[in-house]
Amino acid sequence: MTAVGERYDRELRQREAAARDKLRTMSNWGRWGDDDERGAANLVDAAASRRGLAAVKTAAVYPLGSEIRGAGMGMYHSTRPNATAPKLLGVAQPLHYFRADGGDAALGLVNQARHLAEDTVMIPVQGATSHIDSLAHVSVNGELYNGQPSSVVKSYGALKLGIENVAALITRGVLLDLARFRGKDVCDADDYITADDLRACAAESGIEFAPGDAVLIRTGWPKVFAEDPVRYSTRQPGLGSSAALLLAERDVALVGSDNSEIEPYDGSDPEVMRPGARHDIYLAHASSLEPIGSDPRREFATDLHETLVRNLGMYLVEMLDLEQIATARVTEFLFILAPLLIRGATGSPVNPLAVA
Amino acid sequence: MIRPITSITPEVRASEEEAERELLSLSNWGRWGEDDELGALNLVDLAAVQRGMAAVKTGKVYSLSQLIGPTSPRGEARPPNQLFMAIDGGDFASGSGNFQSAGRGAAPFRVGDEAMFLTTHNGTTHLDALSHYWVDDEMYNGFSGKTVSSAGASKLGIENMAGMFTRAVLLDMARYRGVEICDPWDYFTAEDVAGCCEAEGVTVQSGDAVLIHTGWPEVYEADPVKYRYAQPGLGSSGALFLVKAGMALVGADNTGIHGYGARKYPLPSDPPNPKAGLADLHVSLLRNLGIYMLEMMDLARLAADAAFESLLAVAPLLVKGATGAPVNPIAVA
Chain A
1 MTAVGERYDR
11 ELRQREAAAR
21 DKLRTMSNWG
31 RWGDDDERGA
41 ANLVDAAASR
51 RGLAAVKTAA
61 VYPLGSEIRG
71 AGMGMYHSTR
81 PNATAPKLLG
91 VAQPLHYFRA
101 DGGDAALGLV
111 NQARHLAEDT
121 VMIPVQGATS
131 HIDSLAHVSV
141 NGELYNGQPS
151 SVVKSYGALK
161 LGIENVAALI
171 TRGVLLDLAR
181 FRGKDVCDAD
191 DYITADDLRA
201 CAAESGIEFA
211 PGDAVLIRTG
221 WPKVFAEDPV
231 RYSTRQPGLG
241 SSAALLLAER
251 DVALVGSDNS
261 EIEPYDGSDP
271 EVMRPGARHD
281 IYLAHASSLE
291 PIGSDPRREF
301 ATDLHETLVR
311 NLGMYLVEML
321 DLEQIATARV
331 TEFLFILAPL
341 LIRGATGSPV
351 NPLAVA
Chain B
357 MIRPITSITP
367 EVRASEEEAE
377 RELLSLSNWG
387 RWGEDDELGA
397 LNLVDLAAVQ
407 RGMAAVKTGK
417 VYSLSQLIGP
427 TSPRGEARPP
437 NQLFMAIDGG
447 DFASGSGNFQ
457 SAGRGAAPFR
467 VGDEAMFLTT
477 HNGTTHLDAL
487 SHYWVDDEMY
497 NGFSGKTVSS
507 AGASKLGIEN
517 MAGMFTRAVL
527 LDMARYRGVE
537 ICDPWDYFTA
547 EDVAGCCEAE
557 GVTVQSGDAV
567 LIHTGWPEVY
577 EADPVKYRYA
587 QPGLGSSGAL
597 FLVKAGMALV
607 GADNTGIHGY
617 GARKYPLPSD
627 PPNPKAGLAD
637 LHVSLLRNLG
647 IYMLEMMDLA
657 RLAADAAFES
667 LLAVAPLLVK
677 GATGAPVNPI
687 AVA
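Residue numbers (my numbering), protein chains in the order written: chain A, 1 to 356; chain B, 357 to 689.
Don't take each hint at face value.
Computed list of lysine-lysine pairs in BS3-like fashion (alpha-carbon distance at most 27 Å, straight line) [what the hints assert, rightly or not]:
| no. | chain 1 | residue 1 | chain 2 | residue 2 |
| --- | --- | --- | --- | --- |
| 1 | B | Lys582 | A | Lys154 |
| 2 | B | Lys676 | B | Lys502 |
| 3 | A | Lys160 | B | Lys413 |
| 4 | A | Lys184 | A | Lys223 |
| 5 | A | Lys154 | B | Lys416 |
In case anyone wonders, no lab produced these hints; they're calculated from the structure.
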């Protein structure tokens, strides 16, 4: 095992920087028309869907979404654990409140013969649970995917590129279990995944990437949250420039992972940390969050939200829970993703399904 | 004596348009400094506070807020206020709450707790911040509208107006008209306002808060559609009269002070209205003059006791960067 800083040798740094430069030149703007709002969802054609259906062997179904565990006063309820599903520091926890519940019946306030329980849920789209980003999520220099001005994203919703344009994706999914490939339970925080890693990992399962594929990358990172919710938000393993370039060149439609940003991320960087993070750190009984120090991966990593989402119209699905499917050693499957059709949203909480 | 509603004759329309032009020509920008974010709160000086304290006769305390609940008046296009119980008696009754082992000896300790969702503007009794309204790119005192973002208002947020303590003058326009509830088309001119002050024996002075009772909230429970259709409200000449008298805050039990139907740039849903276009007080009062607007009050209790003068405390929730905040104003008469 190599120590932090040693693992990125000179050759790797040069190769990754070159991949980054090439990735930055790639664009799908105009490829599917000047008015296109679906981006790489266009790659999920009948052939891609049939390829997905052909991957179904036993019809075992694996949910890939993280559990949504609502905040409230759960810490006072002895029957309800306060442990939460992975979320980033400073992002509000999903809220889950009951408008009518069994307690009302216990108090004799309602007709017990027939009583409905009803609830309300509020969920931050990004950073608090498994979610897909819409193409309205990222703008650079005032432009979103396909040249739409960032001004189309209003306080009342995105007039263009909202998540409702995705509607549904049914395609072939492949799982690349990078943690297992590394011989680890959880990838190292400073892990940087290259194209060679993806090729080698895919080759172990005999997988070749095809247009319209959904490629899911397991790092095991959600396990960190259970141990240390503060460390979860600091430096994370992520997909590097050459790996993203490879997937872009193969016309992959969607890249998903169980980390929070797909790309290498370091939330201990004061510039990245959200205003509410301090309170979350306090709640986690951690006295402070010491920055790990400058992330050496910055020198050659690429902003995948800019290159993949904004330039290429590809979809990123973050904060997945890939433990169950990884344990089952499933690597090829039918991938089904149906976002909530929240008009004008920059994404949606989602529970994609894998059918093996 | 019953005072008739001012009918909007061509002559009244012409004089109200003239009053609006004069009202719009007035500005307090720069009056209290280039960086001022307090606006007319600066008018509330020691004399105003002492005048308020001198108004206390019986010591009776009045809440001037609507109840925050599902049957309270709210305006159009706003989601309802919602109360979400986080833990309640039902949890203990059903055996899912367990505080007995909380180290308080033999006595179990139990707790009710909740979260709430409040729609400030048009959702309940609220105070508008000076960042609530702007024209072109300029808010009160020339601050840019660009300072109001999805992160909140970095200038003129409601937290600047931490509290107001002054004399309140109640203009009971319903009483003045001799009705329980003012007519929906009612429009208060300078003549009406002066007449009401005279009838009540009050004089508005610099730093006062002026509260206008129309009785309109009574309409809501029976007919929410009528509540939102057209409302009685303060006209341009009436507002001009009060501005010249030096009011620091204007409150009313309608929405928008001028009430629905009078605004300058009506929404497509606004009804045709004889007073349409005659008053849009958010621009003149809030944005140009920095005068606070306290809307959707419940003034029925104060009016029932004919408490025309009182000591008023207005303490909005200090929601950083909010363009307004729910408030429970307290009057002591």
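- Query: Which numbered hints turn out to be false for this structure?
  - Reply: 1, 3 and 5
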